[in-house]
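S.K.: Top line first, the protein sequences correspond to chains S and U.
Residue numbering for the first sequence follows our numbering, beginning at 6 and increasing consecutively.
Residue numbering for the second sequence follows our numbering, beginning at 6 and increasing consecutively.
A portion of the hints provided could be inaccurate.
Each pair may be met inside one copy or between any two copies, as identical chains are not told apart.
Straight-line distance between alpha carbons at most 20 angstroms, and here's what the computed SDA-like set of lysine to any residue pairs gives [to be verified]:
1) LYS250 with SER112
2) LYS26 with LEU89
3) LYS250 with SER285
4) LYS250 with ALA293
5) LYS250 with THR191
6) LYS250 with THR57
7) LYS250 with ASP171
8) LYS250 with THR114
9) LYS26 with ALA253
10) LYS250 with ALA298
11) LYS26 with GLY300
12) LYS26 with GLU174
13) LYS26 with GLY257
14) LYS26 with VAL37
15) LYS250 with ARG183
16) LYS250 with LEU131
17) LYS26 with GLU232
18) LYS250 with PRO166
19) LYS26 with ARG231
20) LYS250 with ALA29
Rather than coming from a laboratory, the hints here were simulated on the basis of the structure.
None of these values were measured; they are calculated from a predicted model.
There are 2 protein chains.
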Amino acid sequence: MFTGVSAFPLTPFRNDQVDEKAFAGLVRRLAVSGVDSITALGSTGSYPYMTTQERARVARLAVQNAGSVAVFVGIGALRTSQVLALARGAEEAGASGLLLSAMTYQSLTPDEVFELFRTVTESTELPVIVYDNPGTTHFHFTTELYARIAELPGIASIKIPGVPADPDEARRHVASIRAVIPERVTIGVSGDAFGAAGLIAGCDAWYTVIGGTIPGPALGIARAVREGRVEDARAESEQLTPLWKLFADLGGSARVTAAIAEYLGLVGPSCLPLPLRGMSAENRARVAAMVEALGLQPGPEA
Amino acid sequence: MFTGVSAFPLTPFRNDQVDEKAFAGLVRRLAVSGVDSITALGSTGSYPYMTTQERARVARLAVQNAGSVAVFVGIGALRTSQVLALARGAEEAGASGLLLSAMTYQSLTPDEVFELFRTVTESTELPVIVYDNPGTTHFHFTTELYARIAELPGIASIKIPGVPADPDEARRHVASIRAVIPERVTIGVSGDAFGAAGLIAGCDAWYTVIGGTIPGPALGIARAVREGRVEDARAESEQLTPLWKLFADLGGSARVTAAIAEYLGLVGPSCLPLPLRGMSAENRARVAAMVEALGLQPGPEA
Numbered sequence: 006m007f008t009g010v011s012a013f014p015l016t017p018f019r020n021d022q023v024d025e026k027a028f029a030g031l032v033r034r035l036a037v038s039g040v041d042s043i044t045a046l047g048s049t050g051s052y053p054y055m056t057t058q059e060r061a062r063v064a065r066l067a068v069q070n071a072g073s074v075a076v077f078v079g080i081g082a083l084r085t086s087q088v089l090a091l092a093r094g095a096e097e098a099g100a101s102g103l104l105l106s107a108m109t110y111q112s113l114t115p116d117e118v119f120e121l122f123r124t125v126t127e128s129t130e131l132p133v134i135v136y137d138n139p140g141t142t143h144f145h146f147t148t149e150l151y152a153r154i155a156e157l158p159g160i161a162s163i164k165i166p167g168v169p170a171d172p173d174e175a176r177r178h179v180a181s182i183r184a185v186i187p188e189r190v191t192i193g194v195s196g197d198a199f200g201a202a203g204l205i206a207g208c209d210a211w212y213t214v215i216g217g218t219i220p221g222p223a224l225g226i227a228r229a230v231r232e233g234r235v236e237d238a239r240a241e242s243e244q245l246t247p248l249w250k251l252f253a254d255l256g257g258s259a260r261v262t263a264a265i266a267e268y269l270g271l272v273g274p275s276c277l278p279l280p281l282r283g284m285s286a287e288n289r290a291r292v293a294a295m296v297e298a299l300g301l302q303p304g305p306e307a
Numbered sequence: 006m007f008t009g010v011s012a013f014p015l016t017p018f019r020n021d022q023v024d025e026k027a028f029a030g031l032v033r034r035l036a037v038s039g040v041d042s043i044t045a046l047g048s049t050g051s052y053p054y055m056t057t058q059e060r061a062r063v064a065r066l067a068v069q070n071a072g073s074v075a076v077f078v079g080i081g082a083l084r085t086s087q088v089l090a091l092a093r094g095a096e097e098a099g100a101s102g103l104l105l106s107a108m109t110y111q112s113l114t115p116d117e118v119f120e121l122f123r124t125v126t127e128s129t130e131l132p133v134i135v136y137d138n139p140g141t142t143h144f145h146f147t148t149e150l151y152a153r154i155a156e157l158p159g160i161a162s163i164k165i166p167g168v169p170a171d172p173d174e175a176r177r178h179v180a181s182i183r184a185v186i187p188e189r190v191t192i193g194v195s196g197d198a199f200g201a202a203g204l205i206a207g208c209d210a211w212y213t214v215i216g217g218t219i220p221g222p223a224l225g226i227a228r229a230v231r232e233g234r235v236e237d238a239r240a241e242s243e244q245l246t247p248l249w250k251l252f253a254d255l256g257g258s259a260r261v262t263a264a265i266a267e268y269l270g271l272v273g274p275s276c277l278p279l280p281l282r283g284m285s286a287e288n289r290a291r292v293a294a295m296v297e298a299l300g301l302q303p304g305p306e307a
């Protein structure tokens, strides 16, 4: 279940409330897109900005609109008891898996992060994805800590933050993780610019931001790798260079994907929760030009 | 009001609930200690780990137990609407001022942080302290942004994260901020190892972590600076070098201050909220030896 393309939809806001209609629309498109799973309430889904109640509601909406596609739900929070409450909410919503980050305010030690994962996996029947996102959490997992946590019976997958640019180094990096984790635990790449490289280097899954709104390109790249057409996968990823460049230039993949969804009318204007603000007119124009040049389309709604 | 020693008490937990009795005790000691103000729900007070409801309750307890001492309340949160709700809770509790950080998950732009402060100051009558804490929020204020925000009529003070070690550089740094902010806005130093140096360099206030549990040394240092006994202030701060060293070695001032309060029996064991864990027996022994060697005492309860 923790292989292939896992699509991370936005959680769009409108007047500081979750825009349930727009969110359901995003999930319904993913349900018929061919993605292998949907991960609601990832960083793209603004999980840390919402209350426990809002997040339980979003988890429920995701499951209700995902058809037969498995839904994973992000349960990261600063306090362990909040994480446990979020896990219960996701379970009750019918989630198939949980995505757990190591959110920090005071920095955490490896032992504290291990104990968090131990506590959570012991409290739920659902499989847990280790969510390594140092850019937002400022916690840095080591391969040694991956190994310790992956030994916990409830762990199903590790979402790693990209791979080295050099293909041989990327392969060695993925192999070095694989060597220390149980066979049941998959490795998923994130950082969309690294998606193709990660799959080619041996990752089992691609946890994708852009794929949560525009699933086509990620599905094409994943198919090419699966069929052994490595050069096709590389070429398809390279065609998306203007997108990867905007991710780097305009504040990251979540902000750019939100602007794309806004431009395409899939969500309302300025759909991220304040204090995050929509883009300037100039940057919106850059996003729009890129969308048109690459022909990015969301695919049909079920 | 935003001058002198502002003491930041811990918010102690017990079984994942705020230990209201222990918190009230900490505040009651501060109420008769001679500190100029009490700031509840700073980083030392674990503000980001609590719900809006818990924080409103802690704000109320702080005001109820502070006697005639002014209470400032931390209202930082990831989402603007949560910050506004926390500001209302602090107002209703009877706070005299608000402390607002630039918490991040997705990184924020200077414009977004400015708009956050604009929105909050326009929604409250209470004066607001700009809380610059890059170590935990990962947002880096510039002097230019201090200047923009300090122009907002509701801003009363800026809490800066330490000063340069060299006294002349420290003086120039504080003067460079002073030069661009209105006269009504005070500058307060934080990072306790920099307290003496900050006051000597011209800061109006010391926002102190250790002073929220053991106010004596901070009060002595502040008095020495006020009376022009700069060398005495430096010497008193240098005597505390073993404390500053533990702050650096054992995970920061909040964790060490929690361990001190635990050792002195002011709070229960492991008083920080999980996933933050209490110290190892070995590190507790280091803390205890330091407390005894320096003769740290909390002072009497009112």
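S.K.: Using 20 angstroms as the alpha-carbon threshold, which applies to LYS250 and ALA298: within, between, both, or neither?
M.R.: Answer is within; shortest intra-copy Cα gap is 14 angstroms, inter-copy 57 angstroms.
S.K.: Have a look at LYS250 and LEU131 and pick one of within, between, both or neither, based on CA distance no larger than 20 angstroms.
M.R.: Classified as neither; 37 angstroms inside a copy, 43 angstroms across copies.
S.K.: At most 20 angstroms between CA atoms: does that hold for LYS250 and SER112 within a copy, between copies, both, or neither?
M.R.: Between copies only: 18 angstroms across, 31 angstroms inside.
S.K.: Is it within, between, both, or neither for LYS26 and GLU174, if the alpha carbons may be no more than 20 angstroms apart?
M.R.: neither (44 angstroms within a copy, 56 angstroms between copies)
S.K.: If the cut is 20 angstroms between Cα atoms, do LYS26 and GLY257 qualify within a copy, between copies, both or neither?
M.R.: Answer is neither: 25 angstroms inside a copy and 45 angstroms across each miss the 20 angstroms cutoff.
S.K.: Is it within, between, both, or neither for LYS250 and PRO166, if the alpha carbons may be no more than 20 angstroms apart?
M.R.: within (17 angstroms within a copy, 34 angstroms between copies)
S.K.: Go through the copies and call it for LYS26 and VAL37: within, between, both or neither, with a Cα cutoff of 20 angstroms.
M.R.: within (17 angstroms within a copy, 55 angstroms between copies)
S.K.: Treating 20 angstroms as the Cα threshold, decide for LYS26 and GLY300: within, between, both or neither.
M.R.: neither (25 angstroms within a copy, 62 angstroms between copies)
S.K.: Using 20 angstroms as the alpha-carbon threshold, which applies to LYS250 and ARG183: within, between, both, or neither?
M.R.: neither (30 angstroms within a copy, 40 angstroms between copies)
S.K.: How would you label the pair LYS250, ASP171 (within, between, both, or neither) given a Cα cut-off of 20 angstroms?
M.R.: Only inside one copy: LYS250 and ASP171 sit 19 angstroms apart there, 42 angstroms across copies, limit 20 angstroms.
S.K.: Quick one: LYS26 to LEU89, C-alpha cut-off 20 angstroms, is that within a copy, between copies, both, or neither?
M.R.: Neither. Shortest intra-copy (28 angstroms) and inter-copy (26 angstroms) distances fail the 20 angstroms Cα cut-off.
S.K.: My question is about LYS250 and ALA29: at a cut-off of 20 angstroms on alpha-carbon distance, are they close within one copy, between copies, both, or neither?
M.R.: neither (29 angstroms within a copy, 53 angstroms between copies)
In this structure, the hints that do not hold are numbers 2, 5, 6, 9, 11, 12, 13, 15, 16, 17, 19, 20, in rising order.
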